[in-house]
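**Student:** Order-wise, the sequence lines are chains U and W.
With our numbering applied, the first sequence corresponds to residues 1 to 97, in that order.
With our numbering applied, the second sequence corresponds to residues 98 to 457, in that order.
Some hints here could point you the wrong way.
Example chain W residues on the side facing chain U (calculated, C-beta under 8 Å, incomplete) [as the list claims (entries may be wrong)]:
#1 155
#2 157
#3 158
#4 173
#5 175
#6 179
#7 180
#8 182
#9 183
#10 186
#11 234
#12 235
#13 289
#14 414
Simulated from the structure, these hints should not be mistaken for lab results.
The beta-carbon is built from N, C-alpha and C at its ideal position, and this holds for glycine as well.
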Amino acid sequence: MPETGAEPPAVTVTLPETLTALFPGSLPRIDMPAANVVEVIENLEARWPGMRDRLCDSTPKLRRRINVFVEGRRVPLDTDLAPGASVHIMTGICEGG
Amino acid sequence: MAQTVHVLVGTKKGAFVFKSDAARSSWALHGPFCEAWPINHVAADPGTGIIYAGGGNEWYGPAVWKSGDFGATWSHSSEGLAYEAGADPIKSVWSVAAANGCLYAGVEPAGLFRSEDGGQRWSHIAGLRDHPSRPHWQPGGGGLILHSLVPHPDNDQRLWIGISTGGVFHTADGGKTWEPRNQGTRADFLPEGENYPEYGQCVHCVVSAPGLPDRLYQQNHCGMYRSDDGGMNWQSIEAGLPSAFGFPATVHPRDPDTLYLVPLNGDILGRYVPDGKAAVWRTRDGGKTWTDLRAGLPQESAFFGVLRQAMATDRLEPAGVYFGTGTGTLYASTDEGDHWTAIAEHLPTITSVETLVMDD
């Protein structure tokens with residue numbers, strides 16, 4: 001058991017190129033402490049202010065065409081993360097010209 | 098003094114900036130900018146030269162983009178550009194306007210935001226959505242959008258806005274309270290006898306005349322109108338036009354009686370230029386009479402439309418006039434509309450055209 005107040009274990013997060021293009025200096029792959037997907041979003045927002053707005057709307061949920069995969073499974077914001085988890089944030093398919 | 102003319106173009110796939118000297122005979126294309134996001138409106142603050150672009154991406158949501166170097170570099174923000182939790186989220190920014198030291202943004206679903214720090218942080222002007230008419234606003238063909246932003250040039254408390262489909266609204270207290278300004282404009286899509294409601298008209302474009310802030314022109318889904326009392330009363334000025342249906346209206350930079358339109362063939366007939374022949378229509382007398390301007394425009398097999406924010410004038414002498422088509426052609430006139438030249442083709446669908454003239 002971790003001590004009370006201890007930082008969550010690290011996870012690895014990958015971001016789409018179209019997202020990092022919007023935030024100069026942002027990285028496509030980062031390790032960060034996060035116990036769930038909400039904390040991943042908060043961590044990204046702290047590093048690159050404004051990134052939460054690109055990933056979540058004001059309802060507040062993940063945007064309709066933003067997908068978060070954990071170990072290959074698409075998950076919602078309130079998903080807990082295991083130590084060392086791989087979190088892939090990806091853009092979904094959008095039809096049209 | 099030498100001058101540089103910038104034509105700012107919003108498209109379904111990014112923003113573009115065209116640059117020329119004052120002769121306006123040779124244009125350099127710059128772009129696409131804004132990561133090829135759908136951009137509904139690109140407009141500059143003429144006092145600072147800063148360019149703003151409002152749009153929304155299907156994946157990443159709404160934002161206002163900003164360039165302080167005429168398009169060379171851009172940043173974006175949507176901080177505060179949101180309704181309360183649980184409300185339908187904002188899909189896109191539809192219009193931007195700099196005035197009186199502030200920046201305004203109209204959004205979809207219809208609402209109004211203001212920034213006092215050049216577009217970094219936004220505050221919701223909630224008074225508009227608190228208006229009792231809001232439950233009756235209906236989406237038009239482009240969605241439930243707040244498009245036209247008409248700030249009073251001398252009074253920072255006064256502003257007109259246009260909502261499709263909600264009507265024209267005016268505030269005289271900086272956005273705290275609003276009243277509809279639609280008397281005299283038709284709603285042909287309502288049952289007979291109910292065609293002149295207090296609100297709910299399908300406004301396509303509202304502009305104010307230079308030097309006469311209470312002179313407004315309005316291209317409506319159902320008619321073309323002028324008001325000389327700040328929108329309290331509207332008079333039809335569509336007699337002499339080939340169609341009462343169209344989207345953009347743009348005023349001459351100095352003459353309040355000169356206005357340009359692009360009438361289309363009707364709302365359910367394709368929304369093309371009539372008979373496949375392109376024309377800009379100009380009045381020099383406030384809408385009493387109209388003249389079709391066709392020189393240099395295609396006069397056969399032209400099946401395009403022009404969207405509501407896709408026409409503009411510049412402030413040079415003689416004034417330049419510009420419009421962009423749904424098929425991606427950008428036309429320019431350097432003689433107030435008498436002659437036209439295509440200065441770009443094969444762009445994405447053009448959503449907006451504005452100008453910025455800078456003294457070098």
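**Student:** Taking the hints in turn, state whether each one holds.
**Tutor:** Going through the hints against the structure:
1. 155: holds, 5 Å
2. 157: Result: holds, 4 Å to nearest chain U Cβ.
3. 158: holds, 6 Å
4. 173: holds, 6 Å
5. 175: For residue 175 of chain W, the interface hint holds, since the closest Cβ of chain U sits about 5 Å away, which is under 8 Å.
6. 179: Constraint on residue 179 of chain W satisfied, holds at 4 Å.
7. 180: holds, 6 Å
8. 182: Since chain U brings a Cβ to about 6 Å from residue 182 of chain W, closer than 8 Å, the hint holds.
9. 183: holds, 6 Å
10. 186: Hint holds; residue 186 of chain W Cβ to chain U Cβ min 4 Å, cut 8 Å.
11. 234: violated, 19 Å
12. 235: Violated, because the Cβ-Cβ distance from residue 235 of chain W to chain U comes to roughly 22 Å (cut-off 8 Å).
13. 289: Nearest chain U Cβ about 38 Å off; hint violated.
14. 414: Since the shortest Cβ distance to chain U is 41 Å, the answer is violated.
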